[in-house]
Amino acid sequence: MIMAVLMPIVYLVILGNSFQGKLKGLPVAVVNLDTGEYGRRVTETLTALQIGPETITVTRLADQTEAVEGVKDGLYKGAVIVPTDFTRRVNMKTGPEVGIFVDNTDQISENTLSGAITEAVGALRHDFNPVRPDRSVITARRVELYKSVDYDQTLVPGVVVMAIFMGTMITGVFNLVMDRFLGVDEAILMTPLTKADIVVGLVVSGFVITLAMAAIVLVASSWLTGLTLSNWLVQGTESMVVMALATLGLLSLMFLLMGRANHPRIMGVFSGFLNVIFFFPSGAVYPVQSFPGWLRKFALVNPEYYAVHALKSILFKAAPLSVVYGDILFLTGFTAVTMTLAVVTFKRTL
Amino acid sequence: MPSLAVETKDIRKCFGDLCAVNNVNITVDNGEFFGFLGPNGAGKSTLIRMLTTVLKPTSGTAKVAGFDIVKEPGDVRRAIGVVPQTMSSDLDLTGRENMDIYGRFYEVPKKLRLKRTKELLEKVNLENKADDLVATYSGGMRRRLDIARVLVHRPEILFLDEPTAGLDPQSRRAVWDMLQSFRKEAELTIFLTTHYMDEAETLCGRVAIIDHGSIITKGTPDELKAAIPGNDIVVLNIEGDGEKALDAAGKEPYVHKANMDNSELRCYVDNGGDDAPLLMQAMGRLGVKVGSVAIQKQTLEDVFIHHTGRSIREEETRKVSMLLGAGVPQKWGR
Chain F
89 MIMAVLMPIV YLVILGNSFQ GKLKGLPVAV VNLDTGEYGR RVTETLTALQ
139 IGPETITVTR LADQTEAVEG VKDGLYKGAV IVPTDFTRRV NMKTGPEVGI
189 FVDNTDQISE NTLSGAITEA VGALRHDFNP VRPDRSVITA RRVELYKSVD
239 YDQTLVPGVV VMAIFMGTMI TGVFNLVMDR FLGVDEAILM TPLTKADIVV
289 GLVVSGFVIT LAMAAIVLVA SSWLTGLTLS NWLVQGTESM VVMALATLGL
339 LSLMFLLMGR ANHPRIMGVF SGFLNVIFFF PSGAVYPVQS FPGWLRKFAL
389 VNPEYYAVHA LKSILFKAAP LSVVYGDILF LTGFTAVTMT LAVVTFKRTL
Chain C
436 MPSLAVETKD IRKCFGDLCA VNNVNITVDN GEFFGFLGPN GAGKSTLIRM
486 LTTVLKPTSG TAKVAGFDIV KEPGDVRRAI GVVPQTMSSD LDLTGRENMD
536 IYGRFYEVPK KLRLKRTKEL LEKVNLENKA DDLVATYSGG MRRRLDIARV
586 LVHRPEILFL DEPTAGLDPQ SRRAVWDMLQ SFRKEAELTI FLTTHYMDEA
636 ETLCGRVAII DHGSIITKGT PDELKAAIPG NDIVVLNIEG DGEKALDAAG
686 KEPYVHKANM DNSELRCYVD NGGDDAPLLM QAMGRLGVKV GSVAIQKQTL
736 EDVFIHHTGR SIREEETRKV SMLLGAGVPQ KWGR
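If you read the protein sequences in the order shown, they are chains F and C.
Position in the first sequence (first residue = 1) + 88 = the numbering used here.
Position in the second sequence (first residue = 1) + 435 = the numbering used here.
Source of the hints: derived by calculation from the structure; they are not laboratory data.
Don't take each hint at face value.
[To be verified] Rough simulated footprint, nothing fancy, chain C against chain F, three-plus residues with beta-carbon under 8 Å:
{"#": "1", "stretch": "264-274"}
{"#": "2", "stretch": "279-291"}
[As the list claims (entries may be wrong)] Derived pair list, reagent style DSS-like, types lysine-lysine, alpha-carbon separation capped at 30 Å:
{"#": "3", "chain 1": "F", "residue 1": "Lys283", "chain 2": "C", "residue 2": "Lys545"}
{"#": "4", "chain 1": "C", "residue 1": "Lys686", "chain 2": "C", "residue 2": "Lys724"}
{"#": "5", "chain 1": "F", "residue 1": "Lys435", "chain 2": "F", "residue 2": "Lys283"}
{"#": "6", "chain 1": "F", "residue 1": "Lys283", "chain 2": "C", "residue 2": "Lys546"}
{"#": "7", "chain 1": "C", "residue 1": "Lys653", "chain 2": "C", "residue 2": "Lys732"}
{"#": "8", "chain 1": "F", "residue 1": "Lys283", "chain 2": "C", "residue 2": "Lys444"}
{"#": "9", "chain 1": "C", "residue 1": "Lys619", "chain 2": "C", "residue 2": "Lys558"}
{"#": "10", "chain 1": "C", "residue 1": "Lys498", "chain 2": "F", "residue 2": "Lys435"}
{"#": "11", "chain 1": "C", "residue 1": "Lys660", "chain 2": "C", "residue 2": "Lys692"}
{"#": "12", "chain 1": "C", "residue 1": "Lys660", "chain 2": "C", "residue 2": "Lys444"}
{"#": "13", "chain 1": "C", "residue 1": "Lys444", "chain 2": "F", "residue 2": "Lys435"}
{"#": "14", "chain 1": "C", "residue 1": "Lys491", "chain 2": "F", "residue 2": "Lys435"}
{"#": "15", "chain 1": "C", "residue 1": "Lys692", "chain 2": "C", "residue 2": "Lys732"}
{"#": "16", "chain 1": "F", "residue 1": "Lys283", "chain 2": "C", "residue 2": "Lys498"}
{"#": "17", "chain 1": "C", "residue 1": "Lys506", "chain 2": "F", "residue 2": "Lys435"}
{"#": "18", "chain 1": "F", "residue 1": "Lys283", "chain 2": "C", "residue 2": "Lys506"}
{"#": "19", "chain 1": "C", "residue 1": "Lys491", "chain 2": "F", "residue 2": "Lys283"}
For glycine and all other residues, C-beta sits at the position ideal for the given N, C-alpha and C.
Please model the complete structure; the sequences and the hints are all you need to start from.
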């Protein structure tokens, strides 16, 4: 009864906050190589964007290579490079440009970032003669760091993670719940199998089936969206590593949450609820930066967030596993903690 | 090997205010075939679940194969084989696979597991169906598989909770024969619960009768029956005033005891052949019509009636009606 009342409220809160709102706090690296007045004004204008509408958070760097690498490593959503001859070009009216290096695999963030910076920078203008091309207007040239990714392709990691979640609801602990409901779980409890044997055994059995399901979804969704990988073997293998860890983590979590359920209907009721609270704050559909603070904090402990982030890095940026070490570390730790708790809390008697 | 296979001391299990097992004290010797007889809801399954470590007692202690059920549950489980009331063989596996996986649970080495699986499947006449899915088996076949499965690891004690419930007479007889054969070959201790008195009488060396969670009486079937007055029971099917018939029968000098069970007047006498005609005459003098008359030997049902005033059949019907009326789901008492 209580869950039936809470669920619609949670759906409303989560869904409403997942899809609305302007992006805020997009991390941007700014490198001002210019020593003149206009380079300084570009930096000041970007700082104003941080203080006012809070669209971006600025990190000033001295080295443009560091800035661009930071974008590739996922530290920043974009890097603004003011070239050394920027002020001279503005004064000479020879087409001054500011470089914006963007993570174009995240379309929504990229569009917001490019738009805000271009608009802000473009406001710094000289008088110009409209007959001839106005070479005094300051422009920003957008540079894509990665191959273009369509919106439906960006959903592939999220769809794979959702498939993993669905798999965890129909395997693993679900078998135990069904056995308990049918009254046949006694036959297992009367054997010398330990708690760890039962929990880990069921998790591993669910792991094999769920991972196979996720792999099929990855291949099918890639095909449907036309997503191609530069190196299927390497990227495919790396994706499987992430998917395997996410599967183990979610299976263990389900066991911890449902280990004492005695009716399959309970799992059915919970599946929709849990899917919403894990999937939408994962950043699979909309960037986490658009969420309010409390939802962003939840994303930090949500295993699906790390799985989606890792898969996006591998599939769209051809990033090596070293780039997603943080995600892998979290998923590994999460699995260890939830599986341990699942074993400890499992009730070995009726 | 410990001197006693099973030993309980004031063992008790309560669910809220309801005590399903109430201070039960029993001992079962090694190699014995011990039976727990009582109607549904008497506490038999609850007791067996405690002894097989899937339910913790509320109070009291018990030892199985010399191990404490609460402090040493792992050791208890390794020493026993259990056939629960609900058929638990996996429908998605074949008979052979069910045997194999169960053997793995008990860490039986592969070679031994394969050998015993083959032998046991032959003994229970399932060798021709061994590689078919259990979903295609009949109830009797599934029950035979359940029993064979728990013998792969050669337990010291076999617990069976209502092993022939729901089976046809032929299948029941096949299970009985199988149990007796296994017990003889393997020197197995068998602890069985049942609500079938013929099963308890046929199989068990000693029987404890339980009702409402407490033991009413225990002993060998012959000892229990000898405690009832008389040797025979004359059963009259009364078509008239049952109360009048009962009252009159109770006053006859050769009738030790009389009771009514629905329309059946049961009179405990020393010699049914001599006393039945006398009873017919008594009923005739009263004007009470008698539909039929039969002479029976005493059974454990009579022992139950003697101690409780009710038959096991009547008790089951009453309990089922109560449960259905209360809307209690089938898994009450679990």
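Going through the hints against the structure:
1. 264-274: With 4 residues closer than 8 Å to chain C, the stretch 264-274 of chain F meets the three-residue bar; holds.
2. 279-291: Per the Cβ count (4), the hint holds.
3. F/Lys283 <-> C/Lys545: 23 Å, holds
4. C/Lys686 <-> C/Lys724: With a Cα-Cα distance of about 18 Å, the restraint between C/Lys686 and C/Lys724 holds, given a limit of 30 Å.
5. F/Lys435 <-> F/Lys283: 8 Å, holds
6. F/Lys283 <-> C/Lys546: Since the Cα atoms of F/Lys283 and C/Lys546 sit roughly 27 Å apart, the hinted pair holds (cutoff 30 Å).
7. C/Lys653 <-> C/Lys732: Within the cut-off at roughly 19 Å; holds.
8. F/Lys283 <-> C/Lys444: It holds: about 28 Å lies between the C-alpha atoms, which stays within 30 Å.
9. C/Lys619 <-> C/Lys558: 13 Å, holds
10. C/Lys498 <-> F/Lys435: Status holds; Cα separation ~22 Å.
11. C/Lys660 <-> C/Lys692: 14 Å, holds
12. C/Lys660 <-> C/Lys444: 26 Å, holds
13. C/Lys444 <-> F/Lys435: 25 Å, holds
14. C/Lys491 <-> F/Lys435: At roughly 11 Å apart (the allowed maximum being 30 Å), F/Lys435 and C/Lys491 satisfy the hint.
15. C/Lys692 <-> C/Lys732: Cα-Cα ~15 Å, so holds.
16. F/Lys283 <-> C/Lys498: Holds: F/Lys283 and C/Lys498 sit about 22 Å apart, inside 30 Å.
17. C/Lys506 <-> F/Lys435: 16 Å, holds
18. F/Lys283 <-> C/Lys506: 16 Å, holds
19. C/Lys491 <-> F/Lys283: Holds: C/Lys491 and F/Lys283 sit about 16 Å apart, inside 30 Å.
Going down the numbered hints, you'll see the structure goes against none, and every one checks out.
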